[in-house]
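This is what each chain is made of:
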Amino acid sequence: MTAPNPDQDPLARFLTTDPADVGCGEALALLDVYVDRLLDGEDVDARYPGIVAHLRDCGPCAEDFDGLLASARADRER
Amino acid sequence: MPASTSPTFADRLDPESERWLAELRGARREEAVGRLHARLTRTAGAEVSRRAGRIPFSGPELDDVVTQAAADATVAVLAKLDDFRGESRFTTWASKFAILEVSNKVGRHLWRSGGVHLDPEAWDSMPDRFGVGPDREAETRQLLDRLRVAVESELSERQRRIFEAIVLNEVPLDVLTVELDTNRNAIYKALFDARRKLRAALVADGLIDE
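Protein chains in written order, with the working numbering: chain A, 109 to 186; chain B, 139 to 348.
Since the hints were made in silico from the structure, they are not lab data.
Among the clues, some could well be false.
[Stated by the list, open to error] Just some of the chain A residues that point at chain B, by a computed CB distance under 10 Å:
no., residue
1, GLN116
2, ALA120
3, THR124
4, ASP129
5, GLY131
6, LEU136
7, LEU138
8, VAL141
9, TYR142
10, ARG145
11, LEU147
12, GLU171
13, LEU176
14, ALA178
[Claimed, not checked] For the chain A half of the interface with chain B, some residues (derived, Cβ under 7 Å), not all of them:
no., residue
15, LEU119
16, ASP144
17, SER179
Please read these numbers as outputs of a predicted model, since none were measured by experiment.
Virtual Cβ for every residue (Gly too), placed ideally from N, Cα, C.
Okay, chain B solo, but in the shape it has when bound (with noise of 0.2 Å):
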């Protein structure tokens, strides 16, 4: 039965989202559509202005981010429309496409502007990030020494290019999606796991504590 239809679905529903629903599924959709997508683009409009200072380009370039991030949100949503489960509302379900869409867009174009280029000095520069105070540089440079170690010897290949890429050199994650063609999941979960193992190596040591 579709989700419309099911009185318990219904009960759920607010008002407004038991509207959109209706409309984008009623006789008049095409009009339903184009007000999803005029409020999809104010959206991804408010998205990139409250990211303003955060994302380095603007212009044309950004209104093209707001442009394709509305419109691709727009296609989504009405694919996935018979998903919608009506545990938030519609509009909030909604934006969360534009939303994602926007960072997205924002990652592929510093992608297409500036790829993804590895420092190989950039080890020289983890003092600054985590040193463990000013009064303690042998003490740093031990850990560090040893956490360069364990990054060659316990991460495998991909964990190890993904943490010299995030965390030694910064890459956005949004952008090394892109270089690697996957997903944030699948980035996340690397390092996480490059993590978790690369603390087991320092606890072992004793240079951390449990």
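One chain only, chain A, in its complex shape (with noise of 0.2 Å):
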């Protein structure tokens, strides 16, 4: 996984893109899978590298997730 260098100027860093990005289709397949797993305390980083890449430059789906993990946190603490 390539983590953003925050030492890039910000075009490099924009340009820069993750192969292991899986994209928006296998993210948001996994989603509801990746919230639940992260709730109960497993260590997604290493198990979903390619979401978790996908999160850090997608917004709408960096929104989605905000979301849902709000969503999910909440049905547990009710």
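Both chains come to you apart, so use the hints to assemble them.
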């Protein structure tokens, strides 16, 4: 996985793609599993590196992830 | 064999998920569908509230987003019930449909109300977003000039159109999916490939590091 380099200039950072990135289709297909495993305390970084890479680069999917995480967390607190 | 009768599948299910599946497939299905719809309405409502500061409309229009997202999510969950494998909780799986529908409905609403307009002067704002610092104006200009050439020479027409909409004009991705009648994955992939090509061109010219 190619982690973003904070020393890079903004344009270089934007143009840097991560080959591990699975894209929106696969990330969204597994988003519920990813969220529940995360809330269960599993090491999702190690288990789903392609989803981690995708959520780092895709604003709309990251927004959906934040929403589902908030929703699932609220469910567990009820 | 139906998934709900498989011992392996049932073993993985938490009690609440098992109850939801049994009720949605049982004799009192209609009541269970009503509860599912009510639950997804709450999920969609909570999601638009969470995004409120980032959604540029409110009031009845936002209420419509919640209503439509919950209705379509309920239909989608029921249609895909046999696809649920128990790898997540049923409620998390079902909530995902409501949240994705919120994104979809917001994108569609924005497209209907404003469409996609590309500003021919959009390149002028690039130094503010991608500049390398006020003390390096010449370097920024050289970088962006080369980028502009690469956008013309390296990208396919579709990649260029997507790059210009999303990067230059900051069109939301979910609005562009409606405009181009495609899905999020297809646009993301096109932009991903465009970024890779543009980076290779700038690296080849020694303007950014390998």
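The hints, checked one at a time:
1. Here the hint on GLN116/A is kept, as its CB sits about 8 Å from the closest CB of chain B, short of 10 Å.
2. Contact between ALA120/A and chain B, as hinted, is supported at the beta carbon level, the nearest pair being about 4 Å apart and thus within 10 Å.
3. Of the supplied interface hints, the one on THR124/A holds, with its beta-carbon coming within about 7 Å of a beta-carbon of chain B, less than 10 Å.
4. A hinted interface residue such as ASP129/A counts as satisfied when its beta carbon comes closer than 10 Å to some beta carbon of chain B; here the least separation is about 7 Å, so the hint holds.
5. Using the Cβ-Cβ criterion of 10 Å, the hint placing GLY131/A at the interface with chain B is satisfied: the shortest such distance is roughly 5 Å.
6. Checking LEU136/A against chain B: minimum C-beta separation of about 7 Å stays under 10 Å; hint holds.
7. Restraint check, LEU138/A versus chain B: the minimum CB separation of about 8 Å is within 10 Å; hint holds.
8. This hint holds: VAL141/A has a C-beta 5 Å from the nearest C-beta of chain B, less than the 10 Å allowed.
9. The interface hint given for TYR142/A is met, as the beta carbon of that residue sits about 8 Å from the closest beta carbon of chain B, less than 10 Å.
10. Interface restraint check: ARG145/A against chain B, minimum CB-CB distance 8 Å, threshold 10 Å, status holds.
11. With 10 Å as the threshold, the beta carbon of LEU147/A comes within range of chain B, its nearest partner Cβ sitting at about 9 Å, so the hint holds.
12. For GLU171/A, the interface hint holds, since its Cβ comes within 10 Å of a Cβ in chain B; the closest pair sits about 7 Å apart.
13. Look at LEU176/A: its Cβ gets to within about 5 Å of chain B, closer than 10 Å, so that hint holds up.
14. The interface hint given for ALA178/A holds, since its Cβ lies 6 Å from the closest Cβ of chain B, which is under the 10 Å cut-off.
15. For LEU119/A, the suggested interface contact is upheld, since its CB lies about 4 Å from the closest CB of chain B, less than 7 Å.
16. A hinted interface residue such as ASP144/A counts as satisfied when its beta carbon comes closer than 7 Å to some beta carbon of chain B; here the least separation is about 4 Å, so the hint holds.
17. Annotation: interface hint on SER179/A holds; nearest CB of chain B at approximately 5 Å, less than 7 Å.
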